[in-house]
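Participant: Protein sequence lines, in the order shown, are assigned to chains A and B. So for the first sequence, our numbering puts the first residue at 87; every next one is plus one. So for the second sequence, our numbering puts the first residue at 115; every next one is plus one.
Read the hints as simulated data drawn from the structure, not as lab findings. Heads up, a few of these hints could be off.
Partial list, computed: chain B residues near chain A (C-beta under 8 Å) [said to hold, decoys possible]: (1) R175; (2) I176; (3) R264; (4) R266; (5) Y441.
What follows is a list of derived Cβ distance ranges for each label pair [what the hints assert, rightly or not]: (6) N274/A with V387/B: 25 to 35 Å; (7) L380/B with I140/A: 31 to 41 Å; (8) N349/B with E211/A: 41 to 51 Å; (9) A261/A with E388/B: 53 to 63 Å; (10) K436/B with E265/A: 38 to 48 Å; (11) P139/A with V387/B: 50 to 60 Å; (12) P139/A with S350/B: 53 to 63 Å; (13) A261/A with K291/B: 54 to 64 Å.
Bear in mind the structure is a predicted one, so any value in this text is a computation, not a measurement. Glycine included, each C-beta is placed from N, C-alpha and C at the ideal position.
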Amino acid sequence: MNHSEVPGIETSSNFTSTSRRTVVLGLGNPVLSDDAVGLAVVSALRKLLTAEPIPGVDVLASTRAGFELIDLLRDYGRAILVDCLTLPDPQPGRVHRLGLEDVAGSTRLVNVHELSIGVAFQLAERMGIGMPTEIEILAVEAADTCTIAEGLTPAVEAAVDPLACKIYADLKRRAPAEEPPDTEDFRNRRAFYEPSTD
Amino acid sequence: MPTRTITIDPITRLEGHGKIEIFLDDRGDVERAYLQVPELRGFETFCVGRPAEDMPQITSRICGVCPTAHHMAATKALDDLYQVQPPPTALKIRDLVYNAFMLEDHALHVYILGGPDFIVGPDAPKELRNVVGVIQKVGVDAGKRVIAMRRRLRELISYFGGKVIHPVFGLPGGVSKGLAAADLPGVKQTAADAVDFARFTLQLFKDVVLKNDGYLKLITSEAYTHRTYYMGLVNSRNQPDFYAGKIRVVDPSGKEYASFPAQHYLAYIGERVEPWSYGKFCFLKPLGWKGFTDGPESSVYAVAPLARLNVAGGMATPEAQKAYEEYVAALGGKPVHHTLANHWARVIEMLQAAERMRELADDPGLTGTEIRSIPTAIPKAGVGVVEAPRGTLIHHYETDEQGLIRKANLIVATQGNSARMAMGVEKSAKALIHGGKVDDGLLNMIEMAFRAYDPCHGCATHSLPGQMPLTVSIRDAAGLLIRELGR
């Protein structure tokens, strides 16, 4: 695919990327109780960014993942994924910070429908598609992901704004001095995948 | 007397969550095997009181796997609810979008979910039985082609549907967006490339799977064979139609058992609940529930690619028809009762979907501007049906005179296959586990029995599971865990 080296970027991993832009991607199902937490966090973050923008940050939301991860993440330099986590003995609202290595070995993690994030990255690498060199996965423990309903359970709801603020602060701390180059491709992705803020 | 239980939980590469429990007797042979599926709660509660027009949006979000199928079944239920006939252009656009979706979704299964079983091989080590293993086998260029085609099909769907996360497309009586004449060449190109892509996939399937005697033997083996009824949508010439038509049912000998419009589904489809599963098992209501049994005495039916090809007299497009004839001849005539033939049937359906896209792209009516008939009737009840990739999908709504939902019922595709899947798991477990010997390869063979159906257990939860993807628990008669294996 069409990626080239950009001066000033350290490519420390096997993956190459072309942009100094950062993407924050929320994953989840909007009508499945706490499964929607990733979407809620990126909506809250979108609002913060609208009020006070940070250069070079795109916010996207997806109800799927799998293959779509490649379409959504390719060419970004850094990616932050927000998703929900189900554990046998959950502490709803607790946030886990995971790296790609924590989920890479699984065939199922992140998306049970298609391919895992780990396999998506392996696939992209094999195809020569530039993927983010820096990945962070923020997973919020859920109380209920089996009831068809809008809205989160209280403990998970309470975690949304603090997490959005933390992500905002982190983006702010590492903000580039000026807006990194934007492309048609990034603009298209924003047009289709930006989260709603209503 | 069952002495121990083997649990496979969760099933790898299955869409949605599932769990297999195998009960062994004291000789270590399989006594019974169950496929357990959790069900999402609260669908009806969620819908009651909402405007019926919201249903295409709501139901498409319930499932992240086949949102377009739910969107379209709901849209057709709204047509019926408001007794409105969409203009021809709107129907063509729906058909185009739907076939693009079928092709994209089937490609996903062939290359990612089910493909690894065959393209990489059923006995290959687990770490290779995934899409990366598939790419290793078919080559990077083929992999790039799959990714590029998938993206373009999704772009075509997005052209009409708008934002992926909030699709707005189907409306009662039509669609929300037509095709601009200036954009037609792009659609034609996508359709032409789709046909090439489907041909390429069929060729790949033939080269890798059909030229391997071992695979063919596996497909036709008795362990993966069930003589049941079959259900699917057909057009007036008894050819598979994914978007429209009547529901046709054939018996285990291939003879027509019933043919009816979706509105009559309650007269034909019964639902059974078993104490060991949250899921419902569909059967043919006029025959009554006769248990998990096949053959002439069965009332179990199947849906999805194998079933659709069994209820059809032939395919709706020329190249798919040719492929279908080879398929029927190679598998010893119709109906084909081999569960694993679903994979082959799926590839043939990809070809029909692509050829149908091309027909529609060449249809001058596609770029018409009349895309909606405005509903005027007072709503009461509506039923809509489509062939989801995983089988016949029915949406049924009842509303008050304001169009607010009073009752909502869905018959989802996987439910149609659930009885046959349960039978399949048990049969392959019995054939493959003897004297308590259970290894990874055997378990995969059992999973293959239902992965062929591409089951999707009604949920779009994306949660990160906090455990290994596959665990096997072995319990003694008292229910105590005596051994646990993890992948």
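Participant: Between N349/B and E211/A, is the Cβ distance one that fits in 41 to 51 Å?
Facilitator: This hint holds: roughly 44 Å between Cβ atoms.
Participant: Given R264/B as an interface hint, is its Cβ closer than 8 Å to any Cβ of chain A?
Facilitator: holds (6 Å)
Participant: Under 8 Å is the threshold here; is the Cβ of I176/B close enough to any Cβ of chain A for the hint to stand?
Facilitator: holds (6 Å)
Participant: Does the beta carbon distance between N274/A and V387/B stay inside 25 to 35 Å, or does it fall outside?
Facilitator: violated (47 Å)
Participant: Note whether the CB distance of P139/A and V387/B lies within 50 to 60 Å or breaks it.
Facilitator: Holds, since P139/A and V387/B (Cβ atoms, about 54 Å apart) stay within the stated range.
Participant: Looking only at beta-carbon atoms, does the pair P139/A, S350/B fall within the given range of 53 to 63 Å?
Facilitator: holds (58 Å)
Participant: A range of 38 to 48 Å was offered for this pair. Does it hold for the Cβ distance of K436/B and E265/A?
Facilitator: The hint (38 to 48 Å, Cβ to Cβ) is violated, given that K436/B and E265/A are roughly 55 Å apart.
Participant: Would the hint on Y441/B stand, with a C-beta cut-off of 8 Å toward chain A?
Facilitator: violated (26 Å)
Participant: Given a hint of 31 to 41 Å, does the C-beta separation of L380/B and I140/A actually sit inside it?
Facilitator: Taking Cβ atoms as reference, L380/B and I140/A lie about 56 Å apart, which means the hint is violated.
Participant: Does 53 to 63 Å hold as the CB distance between A261/A and E388/B, or does it fail?
Facilitator: The hinted range 53 to 63 Å holds for A261/A and E388/B, with Cβ atoms some 57 Å apart.
Participant: Closer than 8 Å between Cβ atoms is the bar; does R266/B clear it against chain A? Give me holds or violated.
Facilitator: violated (11 Å)
Participant: Given a cut of 8 Å on the nearest C-beta pair, is the interface hint for R175/B held or broken against chain A?
Facilitator: Holds, because the Cβ-Cβ distance from R175/B to chain A comes to roughly 5 Å (cut-off 8 Å).
Violated hints, listed in ascending order, are 4, 5, 6, 7, 10, 13; each of the other numbered hints is respected by the structure.
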